[in-house]
Structures are given as structure tokens and as C-alpha cells.
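Spelled out, the chains give:
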Amino acid sequence: MYDAPQRTLKQSVDWKLVVCYLLLVLIGWINIYAASHAAEGASMLDFSVRSGKQFVWILTSLGLAALILFVFNPRLWEVISVPTYLFVLVLLVAVIVLGVEVKGSRSWFALGPVRFQPAEVSKIATSLLLATVMSRPGFKLTQPRGLLQVAAVIGLPMLVILAESETGSALVYLGFVFVLYREGLSGWVLVAIGAAVLLFVLTLTASPYASALVLIGMVGLFYYAHAGRLKYWPWIEGAALVFLAFLPKLLALFTDFAPLTALAAISGVMLLYLAWKAMRRRDRVLWVAIAAFLVGVALIYSTSFIFNSVLQDHQRKRIEVLLGLKEDPAGVGYNVNQSMIAIGSGGLFGKGFLQGTQTAYGFVPEQSTDFIFCTVGEEWGFAGCLAVILLYIFMISRIIIDAERCRENYTRIYGYCVASLIFMHLLINIGMTIGLVPVIGIPLPFLSYGGSSLWAFTILLFIFLALYRQERKYF
Amino acid sequence: MDTSRRNKLLIGLGVVGAILLGKLFYIQIIDDRYKRDASNNSMVYETIYPTRGIIYDRNGRIIVGNKVAYDILVTPREVRPFDTLALASALGVDPLFIREKMKEYERSRSRIGYQSVVMLKQLSPERYMKFAELKYLFPGFDGQVRSIRDYPFNAGGNLLGYVSEVDADYIKRHEGEYRPGDYAGKTGIEAAREQDLRGEKGYHIYLRDSRNRIQTAYMDGAMDKDAVPGNDIVTTIDAALQQYGQELMRNKVGSVVAIEPATGEILAMVSSPGIDVEMLADIGQHYNEIASDPYKPMFNRTVQASYPPGSVFKLVNGLIGLQEGVLQPETTYPCYNGYYYSSNRKLGCHTHRSPLNLKEAIMMSCNGYFCYVLRSVLENRKYKSTAEAFDRWREYVTSFGLGDKLGSDFPSELGGNVPTSKYYDRIYGKNGWRFPTIVSLSIGQGEMGVTPLQIANLCATVANRGYYYIPHIVKDSENVRIDDRFREKKYTLVDTTEFYKVIDGMYLAVNGGAGSGGTAVSAAVPGLDICGKTGTAQNPRGADNSVFICFAPKDNPKIAVAAYIENAGFGATWACPIASLLVEKYLTGGIREERKYVEQRVLEGDLMSRVKTD
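Going down the list, the sequences are from chains A and B.
Residue 29 in numbering that gives the first Met the number 0 sits at position 30 of the first sequence, with consecutive numbering throughout.
Residue 330 in numbering that gives the first Met the number 0 sits at position 331 of the second sequence, with consecutive numbering throughout.
The hints are simulated quantities; they were obtained by calculation from the structure and are not laboratory data.
Owing to the predicted nature of the structure, the values given are computational and were not obtained by experimental measurement.
Using N, Cα and C, we set each Cβ at its ideal position, and we do this for glycine too.
Some hints could be false.
[As the list claims (entries may be wrong)] Cβ pair distances, simulated, as ranges:
id, chain 1, residue 1, chain 2, residue 2, range
1, A, G62, B, D93, 55 to 61 Å
2, B, G21, A, I400, 23 to 29 Å
3, A, S301, B, D31, 37 to 43 Å
Okay, chain B solo, but in the shape it has when bound (with noise of 0.2 Å):
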């Protein structure tokens, strides 16, 4: 028994050995599946981010571009003792920030291995070359090249949009595209064109060899990808004429919007205040300084601010009455300083010959007229209720573009507001309501609200006797397509035989001649034919709010704006100059001298104290 069972035993021994050699043998020798599995482990992927496209403005001036920054990394197991001055004064920070760093690398140490951590960001080229003469002096610290934006042009920073790093949020939101560190257009046109500026990142693989070091290019670069530029955009901005016009505002609180009516293009787009192309490239350090500011210059207030219209609106009641046929162009009304809606309410308006016919009532904004005709739309026995011809009025205004979103290629674009019968039938009852109750619409007060852009687009729409494209700032190319949405004509319901009566009193509220009563008459620049219409809207915060909108010239019309100034009072006093010293600079490339001293009075206005904050 004895040596039988020491030999089993010893039989079993070999067997197990056998199976252990068997299986290395197999996963050492013959599958090669755990070779690559250990180059994959022992790859170093380094990126190589794209340079973003480059935006142009509509005349190939570059606004946005790209210039070249250092990031300086850490490699904390490399990090030898140091002079943490010499590094602090090389570097240009505190030597206090640097201490502090080194001890959170301290503290992570486990978690950063033997990786490279970021520690200051965005260093200029100069700043970089100082501390690059020293760098032999600090060994785990290293510069790495990336590509930041460069504004050389003074385009508005809530126009063009800030580039930031991705965080946690966002690159869940887009699912794959991103990874942490990776940047993206995070507002304006850098959001808006984000899938064609970014470009495609690329890689170059090495290998680390056992202590860690990198060794080599993975089979010569072979199997590198290249990084692809992302592609320019040529927006429909004209970039001197965005300028100006941020000049016009600067110090107040409002918004300039200029369209070409032929294409629905955006030429300029102003939100003041807004954020200064200094601080884009460096949002993050300007953050706090801009989220705290009291006037929001973060709120883009051209497509996202709600403002009552105020008498520009009137030029749509007036549209609906010709074409709803209650309203002919030689209709008069009286005016004695207003409207008596009810036997001891008024609807008051400013002192004016009277009556009136259409033509003057628009030259003269009188707020009577229109109460009269909005009353008249609303009457109308063709509908069996007020609430069904006021239903039928909420059409003809959402032909204009008003009321919901135009579908701008801007992004975060509201839409404003123009209410239902439905919402006045929940305030006041089924047919509990009727024209006096909602006379203010009559002179765009009241329950509606409109951004910049759609009083903007209402100008267009008007300057082209109908129809508009729909308001957009990226131009076609051969890169970057647009939607076809942007080339197809949007046609109001209103006929285009119509308009040339409204826009006959827009000409004489400009060109009517001083004493004439035209509202605008401050705007008039001989030969250029502006036709345009002033606004008062009431503000519940503080002083009126000044709405000018106007086109030139009046036949073939190439420019259309609207001017949003808050707190600024009569729509005549800085809407009106604003809007109108844009359209000269547009069209005549320059400010007539007579005109000097308006411009003078506008760039030197500071309306900022009127504003109120909390």
C-alpha cells in the first residue's frame, strides 16, 4: 500500500504542475490576446486637440481666431524640491497659490499617480518664454501648448459666445462627444455653430516603458490620428457695424438690432451691457466679476429679454384694420388727448392737430387712432364674438413673428408672448371681456410682451412690404450649410398691397420736417429716405422705455433696426438717434457732419443711473 499511494500522490503532483504549465503555456505562448491586452495598458494616449474654426464677419474680417497659450502642467512624482519664489515670480503668481497646490497634489497623490495635473492656466506667450528660460531649474513642471480664442475685433461678447471647458453636466448632456478637458461654445455663435467650429480631436500613442517613462512613438506614429480643424463660419455680421453700434450703447441698458430685410440676415445684434471680448477667452477668471454685475451683462436681451412693444406695434393694428377692411386709409379720427374708453376712463395721448387720417395718425403716433381701429378690428360683425375676432386678430399678429420663436439659428432665443382669448377668458370670464377691456393692445401695452430680434424682424417685415426670412447669422458656405428654413419667404397674413400705406406714415414721422408733428423727425438724413416708427412703451421699473424702429431706404430697403433702450423715456430722445445714426453709418460708411453733435450727445449719454438693479 505504502509506496503505491506515495506514487498516486506523487502522480497527482505532476498532473496538477502539468496543468499549471499547460494553462501558462497557453496564456504565455500561444494566445497573444494578453500581449496586446498589456500594450493597451502601457499606451499612452496624448491628445491633440483642433484649432477652432475661425468666425468672419460678412465682409472676411476674422472676429473671432485663435492664438496660442501655455497651460503649465505638473507631473507630482517628478517634482523635485524647489524655490517656490523663483517659481511664483517666473510663473507671475503668488507664491502662497503655488504652496497651496502642491499640497492638494500632495494630499491626492494616490489618485494622480503618475499623471500630469493642470496648475495654471492660459499663460501668454511672453509669460510662458520667462518661465521656459527656467525651466531646467524646476523639473516635474512643463508647458503645454494650446490654442485659445482671439478676439482682434470689439464684436460683443454675447454675440460671439464664450468657450469653456466642458463639465460634468454638459458632457453627460451630450452623450460621448466630450471628455473632461475637451472645451466647447457654451453661448452665442461659438453655441450656436459648436458641431462645426470644434473640429475632431486627434492622438498621438506612446509607450511608456516600466519606470513609467515615455519611450516611444507606438509603431512610428503609425497609428496616430491627425486632429481636423473645425471649420469657419462666416456669419452675416457686419463687424463695424456690431462696433458701432456697441459704442451707441455703451452706458445704456437696452438692445440694437439691424436685419437686412432682403435675407433676413443679422447685421449687427447689440445686448448692452454685455460681456467684453477681453474677458472671453478667460471666462472663468471673469465669472464671478460678471454673474455679480447688477445690469446682467450675461442676459442676452435681444433674444431673451420680453419688453412690451409699445406704438411700434400700432403699425400691426393698422395692417389688420386695412386688411380686415374696417380700416381705409382716409379714415379720420378725432383725438382730444386721448380716448374715452368708458364714460370717465381715458387712454391719454399727447397734443396733436386732430383728426387724423392713418398716414398722420403713425407720423403723429397717435394712441387715440389706434384705439379706434383695434376697436373696430374687434367689433367687426363679421365674427359672432369679441373673442373670436380678437382670435383672429392673434393671427394676424403671429404672422409677423410675433408671439413665439422666430427659429433664429442664435441659440436660447424666447419668444415672447401675445395672449389668447383663452387667457382672457380664464381672468375675466367666458365673453366677460370686450374691446375696453383690452385697449391697451391697441397701442402695444398691456399683455404682450416682444424680444429685440422680433421688433427687429417686424421692421424688416414691414421694409419688405410683407414677408421676412427668418433672422439668422451664420451665412451659407461650402463648410458650413444652413437650413432651409433660413431661405424660404414668410409671408404675414396681411397683404403686400397694404403696407405701402403704413410705411407712407413711417416716411413722414422721419421726413416730415421739423413742426410737421412727425415723431421722428431727428432722425431725417437727406437722401437716405428713412422710414421709421417711435415707441414709448411703459416700464414698470423706473422711466419709459425708448423703441425706435426704422428702415432705409424706403424703397429696395437694405437695412432694417430696432433700437430697446430702457429707462430712456420718449422713443424720439435715444432709440430714435441710436437707431437711425446706425443706418447712416450703414449706408453712407460715416456720420454726416451735421449730424455730429447727435452722435456726440449718444456716445456721451450715461442713462445707467436710471436703471434700477435690485
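Next up, chain A with everything else stripped away, as it sits in the complex (with noise of 0.2 Å):
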């Protein structure tokens, strides 16, 4: 009988993923310890203050990591993945009518003392359930079935999350997004979210006009891209453009007809001729080129309706001041300004442990929770930002290098829900600390105080290391 070659413990463990996974997390306690020792002044673990607290929620971490890594088979995961999906639906309803309301949303269970939030476990389930779905045999993407079922496993989460006004947990999920691009789905998609989010803040900052702009260099620039004349682009399109450009100038000299319409009545034209062009050459890029502008145009001319009308007040202030619409130091942009200075005065190399004087005063909100990177930021200067953000970087790469590794499609689906979910924190949280998305409260994985986001992201990226341990272990 031929035995596989079996590695070793030692050798079937990604050990630099743990190793990796072990600093963010001590990282996390020191500037705990640090954002709440000058109010609370007790020593690190004193069980009564945050950073005691979080020592606790780390070792209980570390010991459901050895569960999920060492006791449990790993197939477990993919066999519960449909009744773990279930009963997190139930639960995130449940929590709708149950939960306790904190800052205006209902989303935490409390039971005594612990909270406890539904919308972090949901992560893990929904990552679940996508690997085993996507990884079925005679699963496809391009299908409109597979489409599907991927988009109600994602979507029904994330719209009862939204029903809980937990906005920024149910922006998470877009990030499975790149799960879905890995496995298949067109790079167009990712294009188009870009260029939806572009225009969308093109048309409040400067003005509709300049967004249509836009819109036809990018519709230009897909169709020549496509078509593979891309060396035309720039003298065609790029001189229409430059002309556009300065037909509101040129109007203003002679009439008072407003610029917006004279570009509507030459696209409008334009249209109709490239609509009979694409009729007669059976061209199919040309005519989703032109379904992609008039989307775009339809995108333009609702954007006010969608900032005023659809987001919440708060949302819409926090999007205000994120792009300088609005100065609000006091009222909304208060915590981004706080957070900014705190990060701001961090200079190099930092304040030093314990030194930072805006953290220490509670200036910045949440300073051990969603505002945790201002006290890295501080006390460790540009140099701890630097390490925190590389350590994450090498984490979530070497989760998604480790996934193209593996032969299971399960594992390397599930790898990648992994990657995607920390980015998403990672980029939306650091980038609200400094200003360069909009205040979302959502916590930064492993750095963050709080037990339920602390567990949750434990469970996710050790059942991918079970998994991946399992590959290791014959391969």
C-alpha cells in the first residue's frame, strides 16, 4: 500500500499567515491599551478596561483557532454551510425585532453583558455558502442561473444587513465582487462599478457637464478598446473632447443657451448616427457602447436625486464632507478631522507608546473601536502605519496566492471571500480615518476592540487555513 506523503504539522500550517495574524492582533491590544489608558489609567490587564477585555476575546480567539485548525475535520465547513447560511438569515432578521439599538441602528444582540452582532458571523456563513455553491460541479458564472443563485446568496444577507441601517457592514459584501471576478464574471463589471463611483462623485463636485464629459471619454475609450483600434481614440474622441471642453466658453459669447443642452442635442444626434452605423455593421460592441453612455447619461442626471433623496441625512452629510462640499469640523466632519489631526500629528516615526496626546484626551470618537488606526497612526508615526498596512497587504496576498495554490475549487473560492472581506475593511476603515472615503463604522479586522468582530475574523481566516492545511497535508 502507497502511502501519500504526508507533511508535517509544522510543515502543512501556513505558518506566516499565523505569524502574520499574531502581530495584527498584538498590534490591536497595545493601541488599545493606549487609546483608553489615559482615561482609564489601569495597566493592560486589568479586566475592568478595554484593553483587559480585549486580552480576554484574545485568548478565547486563539483557542478557537486551534479548534478550527487542529479538532474539527475541515469538511465540516462545507457540509454546514447551507443550515450555518439559514440560520444567520434568521438570526439578522431576528436581531431587526430583538436587538438593542446602538448609534441608530439595530443590529447587536445583548445577552447579560456580551453583545453580540449578527452581521460578523454573517460574513463567514455567506463565504460559505458562495464557495460551496460556486465550487458544485457544473457550476457556471456565465450562466444566467449561476448568476443567480450567487447574487441571492450574497444579496439576501446584504439586504436585511441594509435593513438593520448597518450600511457599512452591507458595503462589505461588495467586495465579493472580486471572488466573482476571479471565477469568471466579466472585468467590465468591476469597470463599470468604477466608472458608476467616479461619475457619481464627478457630478457633485464639479458639475454634470464635466461628468458628461467623462462619461463619452470612457465610452470611447471602451468601445476602441474593444474594437482594438485603441491608437484612434485619442485623435477622434480626444479632439471632440477638447472641443466640448470649451464649448461652454464659446456659448457663453454668443448666447445664453445653457452648455448641458447643446451637448445633449449634439449626442443626441451623435446617437442616432452611430445607432444607424452599428445597424448596418451588425456591430454588437458599438451598440452596447451606446447602451453604456445612456446608462451613464441616466446615472448623471439621477445623481442628484439619489444624494438628496435616497441616502439618509447622515449618509449624505458624511459624503458632503468627505468631498469638500461641506466644512462641518464640528458636527459631522468632527470625527474625520479629529481622526486626521491625530494621524497627521504622528509625523514619521510617532509620539511614541502611550505618548499620544490627541488619543489620550479622547478628541477622535471611537478611538479603540473603528478609530483605532488614529492611535497607530499617532504614536507610531508614518513608520506604524507603514508596517500595519504592508502586514495586511501580505496577509490578504498570501490568502489569495495560497487559494490559486490549492486544487479545490472550494478552498480557493472560500480563499478569496477571505481576501476580498479583509480588504474591504481594511480599505474602507483606514481610508475613513483619513478622509479618503466617507465615515462608514465598520471595524479594522484583528486591530479593532470588540469580541464579535475579533471572533468573526478569527473563525474566517483560520477555517481557510484548515482548509488549506488539508491541502498541504497530501499535497
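If you follow the hints, you should be able to join the two separate chains into one complex; please do so.
Pasting the structure below:
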């Protein structure tokens, strides 16, 4: 009988990832202590303060990690993914009725002194089910049936979480689009999402006219790229865009005709011509380009509607502050302003452990949870930020690389889910503290204070490590 | 497809990481705006309170100075368990007070944070020393030195006014000038000259470390700003005279105002009962006591009480008659215990010989005579109607500074009231009133009200033979300029040549000698040539008010005084001695032996029981 060459325990676990995890958790713990010591003045292990409590969370997380890595059979996760997903969905709905309200959203269960947020667990459940569904034999993302299944798996919890007013957690689900991209979704979807965000921001900050010009440029670029005639793009469209950019000035010289109306007239004529051309040549790409342009125009025109009527008040204000449309350093802008002051004052090497003044006086709200990165920035400076961000990038890329090395689709897809989720949290959380992203209250994985979040990310990560270990044991 | 997509995602990851790091690099290393803001966040501004300007009297005597007191500050975060009883005895307060306070701080600890709050205000240095010796036992408690008002001379709380912490309303009314914790003058001279007295606040800047401990002076104090002390004020008040006036007015309700006619400077201004200077420094402690006093000591009667002037107003009517040409000094009118203004209605008068000429009528204060005078003014053929004549009469009256605010620099001055013809038109209908309707105005009764300051100013006007300077309490000095309006002679509409005709009567009223019928012979002081006019004004609330105005000497007068004593009866009984004693004191520096009994009587007189307080 032939025994497969089994790798030892030491060899089969990706220890680099584990070390990376431990470093991040440790950094979190130190900074939680720094963020709260001035107010509470206790030792790091005093269980009545946050650093002490976090220590408990860390120990329990390590216990969980060990269980997942060495005790549970990794196959278990695939087996229980459907019931887990359904159970979490029930929890998500139940929390709306039974949960306690924290800062305007009903997303927490309170079990005595312990509070727990089902949205954190739902990320794991969704990832597990997504991997299960997508790794089934015969599953094809390009077919409508597959796309629908995937949309349902991702969309259901996302919608319920939106109903809980936990917009931040819901936004994280957008990260799954990277998983889908890896599994065959057209890259144009990513481009379209990016373009939509760009148009939205441009319309708000500059003008609908500028936004429309950019749309024309982008659609043209798409068309020429697809048709393989990229070198013509600057000549034809570039010239047109330069002309159009000066159109408002020209119009203002002679008439009081609104530039946007002129642009609409020109585009209307052009569109009819292009449509006729597309019909004659049976040019599918041109049709798509025309459709994309029309969708873009619709988006530009509905921007102010979305902004003023669909978004909630606080969301709109946060976006206004981010885009610099409104200065509000005392109100909505307070958090961001104070957090940027804290981080910005850190300089290259920071003020040193426990020496952060901004952190200590409590200028920054949510200092040990959502804004923990401020403490890193202030006390450890750019060097500290660089280290933390590099650790995250290492972790995410390491997960992706490990995932790609796996033989089983299930592990790979799940790995991408984990990487995407950590990535989204990283981008939104750090982006928010330095004024790149509107204020969206989600934790920084492994660093932020809180048991729910730490447990959830630990489980998320170590399930992947366990799956990976199982593969590495034999191959 | 596989590795290419993986690589694209990895590149995307790298790009996002680079964007985050780029922004971090920018705000942490390139842009130093945030470092500046952070040090703003961690800078502590400690206010340096300026010392308030000193208030001097006209002779260079300090009437309001400053002294040191201590506030006890508590930083609740730093307080450790302590012996409440020991602290209470060190501070001289009830232990319950401290317990209450500590509970209060505990309740609002999140609002207080690391800040210090004032627990106890204005401890005397002696008391503070006791606490300072034991301070090491009470971490978190500290003393802060503070300059408070000191009154070396009892010059009257209503005149000086008090200084107290500004409230929210005050801060709002003086946009941008005050902050909570500042003090401001609220009444009297303190309020009138708040701008000069307050000075400018300064500050020390300190840096906090990450445990909120004050570490060092920011830039070694280079950015600190020193406090600018307030300007000193020289007042026109004669502190000794003011104090003497207060003594004379003790246990009486009313006012005494003395003016230097040649300048309009107010020499003394007594409102009785007033606020004791002992209470001024810490008005907050005594506020309820003062506010609930039935005699209303906060009410400054000298500028805010509107009284009928009574017989002293006969001077004005006489002067108007002379100016209008309807009265000659030799004109005599009969008086048989009064004036019949209809067949069966009489405005009564006291018993005196009859007929009298102008001089004698003033000397004996004949009511009947001045009814004839006002009638001849109002029924002058020159004017088409009584109303027209009346309006002319009113013009004369207001030219004496009556009927409207004088425009003094003393705050909260009121204007009194002189009715207009329209007022009577409204009541009686147009042409529905004649002289008999308003006969009371002949003798300063009826629908008119004047403040004691206005009466004193009237006296000064007569003393000046026809003009006055707006009465004021602040002297011009290098740092504190006074308005030009105080340097401008205000003439009445009566020629200056007419005045001696009534002054002769005023002279006789005082110096006519016993048995002459002069109403104020008790005010006579040999050699001082006091000229005076008594008044007895009806008071609907009890006994008549006693009024007296006088100036001295007759030629080149140095002082004009008005005394207005509520419910004190005849002018001659109380107002006359008080005013004359004041004049004597001012001009001679003391009271003659033969007038000591007058002084004794006034000082011992207690008229409080006559005053209705409900």
C-alpha cells in the first residue's frame, strides 16, 4: 500500500499567515491599551478596562483558532454551510426585532453583558455558502442560473443588513465582486462599478457637464479598446472632447444657451448616427457602447436624486464632508477632522507608545473600535502605519496566493472571499480615518476592540487556514 | 485566465495600499497643518485676569480698590479619598456642602472631564492660609488667586455699584466681549465705566502631555499675552461728603444729591436705604437678602424715583412768569389760607401775612401766590389757547432739565415726567381744560414727576443764574476722557437777569431770621449765605415727602443740594436740616457747635416706621 507523502503539522500550516495574524492582534491590543489608558489609567490586563477585556477576547480567539485548525474536520464547513447560512439569516432578521439599538442601528444582540452582532457571523456564513455553491460541479457563473444563485447568496444577507441600517457592513459585501471576477465574471463589471462611482463623485463635485464629458471619453475608450483600434481614440475622441470642453465658454460668448442642452443636442444627433451605423454593420460592441452611454447619462441625471432622496441624512452629510462640499469640523466632520489631526500629528516615527496627546484626551471618538488606526498613526507615525498596512497587504496577498495553489475550487473560492472581506474592511476603515472614504463605522480586522469582530475574523481566517492545511497535508 | 486575474487583483491590492500609504505620507510628513492643529488641541490657555481699575474720589482718596482673595478649585479626576470633616474645617464650610459638591461632580463627571471647577469663591487670605497648610492632604484641591473689589471707604453701594460674574444673558448682550467666568460692573460707577475699568485679559499657554498633565510653558511663554490692567477712574464724588450724607440719611427713605454748580460735578449722591459696601464685594452671597428687603435697597432713588417736586417747583413757575412778563417782583397777590380756583374749591395754604410780593411768596412758600402766577402764564392773551400757553410753559420747564433724562453718565437714569397739552386733551378733550383743571402744577403737584438728581440740577441751575452742566460722576483724566456734552453750558429759556429776583426770596427763606415767616430759617448758618427753598410734596402713601433744595454761598455758589425724604412731613423738618448740614460740612469741614443739636437730631431720627413697604 502506498502512503501519500504526508506533510507534518509544522509543514502543512501556513505559519507565515499565522504569525501575521498574531502580529496584527498584538498591535491591536497595544493600541487599544494606549487609546484607553489615559481615561482609565489601569494596567493592560485589568479586566475592567478595554485592554483587559480585549486580552480575554484574544485568548478565546486563539482557542477558537486552535480548535478550527487542529480539532474540527475541515470538511465540516462545507457540510454545514447551508444550515449555517439559513440560521444566520434568521438571526439577522431576528435582531431587527429583538436587538438593542446602538448608535441608530438595530444590529446587536445583548446577552447580559455580552453583545454580539450577527452581521459579523453572516460574513462567514455567506463566504462558506458562496464557496459551496460556486464549487459545485457544473456551476457556471456566466450562465444566468449561476449568476442568479450567486446574487441570491450575496444579496439576501446584504439586504437584511441594510434594513438594520448597518450600511457599513452591507457595503463590505460588495467585496464579493472580486471573488466573482476571479471566478469568471467579466472585468467590465468592475470597470462599470468604478466608472459609476467616478461619475457620481464628479457630478457632485464638478458639474454634470464635466461628468458627461468624462462619460463620453470612457465609453469611447471602451469601444476602441474592444474594437482593437485603441490608437485612433486620442485622435478622434480626444479632439472632440477638447472642443466640447471649450463649448460652454464659446456658448457664453454668443448666446445664453445652456451648455448641457447643447451637449444633449450634439449627443442626440451623434447617437442616432451611431445607431444607424451599428445596425448596418451589425456591430454588437457599438450597441453596448451606446447602451453604456445612455445608462451613464441616466446615472448623471439621477445623481442629485440619489444623493438627496435615497441616501439618509447622515450619509449625505458624510459624503459632503468627504468631498469637501461642506466644511463641518464641529459636526459630521468632527470625527474625520480629529482623526486626521491625530494621525497627521504622528509624523514619521510617531510620538511613542502612550505619548499620543490626541488619543489620550479623547478628541477622537470611537478611539478603540472603529478609529483604532488613529492611535497607530499618532503614536507610531508613518512607520507604524506602513508596517500595519504592509502586514495587511501581505496577509491578503498571501491568502490569494495560497488560495490559487489549492487544488479544490472550494478552498480557492473561500480564500478569495476571506481576502476580499479583509480588503474591504481595510480600505473602508483606514480610508475613513484619513478622509478618503466617507465615515462608515466598520471595524479594522484584528485591531479594533470588540469580541464579536475579533472572533468573526479569527474564524473566517482560520477556516481558510484549516482548509489550506488539509490540502497541503497531501499535496 | 487564472493567474492573469490573480495578478490583476494583486496589482489592484498593491495600488490601493499605495493610495492609502500615499495619503498617510501626505498628512503625516508633508502637510504640517495637522501637527499644528494637534498642538492647538493640546494647548491649555490659562486666563490671566487683569486687575480692575481703581476708583478715586475728587480728592484722590481710593473709594474702590482691589484686594486678594482665593477661589478653591477642584479637579475631580485627581481627587483621592479624603477626610471630609478636615477639609470642611480648613475651608470653614459645612461638611454637607462638600459632600453635596462632590456628588454633583460625580454626576457630571463626563462633562467635567479633566477640567477644574470652582468649588468655593472668594476665600479671605487668612482662611486660605489655613487650607494651604493642609493642602497636601487633599489632592485635586487647589487655590487660585483672584483680585476682588475692596472698599476702604464707605461711599455707598448704589453709587459705586457692584461687580459680579457675567451671566449668559449679559454675554449675549455684549457679543464677543465676555466669556463665562468674567466679571463685569453691573450697576453704579462700575457699570458706567465698565469699558475703562475692566482692562484686558491675558493668557499663559501651556502644553499638556498625553496624561493631561500640564508640562511646560508653550514656546517658553513667547506667545503668552499679559493682562492689561483697567484704567483708574477719578470720580467727582467727595468721599467724606458722601459718607456724611449716608450717615445723615440712615434710617430714612429718600435721596440726597449734591452738585458743584460751576461744573455739574456730582459731589454726593445718596440713595437710602442703600446697599452696604460690605456686601458689594460678594454681592452673590447677599443677593437674596438685598432683593427681599422691603425698602428696596437696590432701587437707586436718586436717578430712578420719580416724585412730585412740591413747592421747590414754585421757583420755576416764578421764573417763567418773570420771563413771560406777566409777573413783576413787586406784584402782590392776596392769600387767605389758600386760592379759590372755583366758587367753592380752594387750594389751601398755611397761615401767613397777606398780601405778599414775589420775594416774600418764595420766602414763605405761599401756595396762593403761585396759583396766580401760573394762571397769568396760562391765560396770557399772547397765546390763542390755554393749550398753546401750556406748551410754551412746558418748553420753559423742560429747559430746566426736567421731564426727560439729563444725560448723566450715571447708568439707569430715568427722566421723570412733565405732562404735555396733548396729555390733558386726551383726558379732558380738546379745549376741555383750563387753568383751574391743572392748578396743582402751580405748586409742583399733580401730574408731574422729577428725580432727585433733576431737583438738585434745578437747584444748581438757579445757583448758576440760568444754566447748568449735565451732572456727571467721572472727572476727565488722561486715560479716561469724558464726553464733550459735560463741558457745555445748558441755558434755560429764562434770561439770566431774572434769577436774582427769586434768589432773593430763597435767601430770605433761610436767612430771614426767626419770626420772619421764612420757611427754612433752621438751615441758616452764619457766614455761609445759604439760599434755599422748602417743599412739602403730597405722597399718596402716607405722610408728605419732605423736600429741600439749597445752594451756598449766594454769590459764586460752591454747592447745590437737594434732599428728598419720603414721608418725613414738612420740608423744614427733615430735608432742610439734612441739606443744610451737608452744605455746612462741605463748605466749612465741620458742624458749628450751636448746630450740633441739629446734627444729633438728624443722626438719631428714625423715620422707617412711617414708610409703607407693602
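Structure-based check of each hint:
Between G62 (chain A) and D93 (chain B) the Cβ separation comes to about 57 Å, which falls inside the hinted range of 55 to 61 Å. The beta-carbon spacing between G21 (chain B) and I400 (chain A), approximately 25 Å, falls within the hinted interval of 23 to 29 Å. Take S301 (chain A) and D31 (chain B): their Cβ atoms lie about 41 Å apart, and the range 37 to 43 Å holds.
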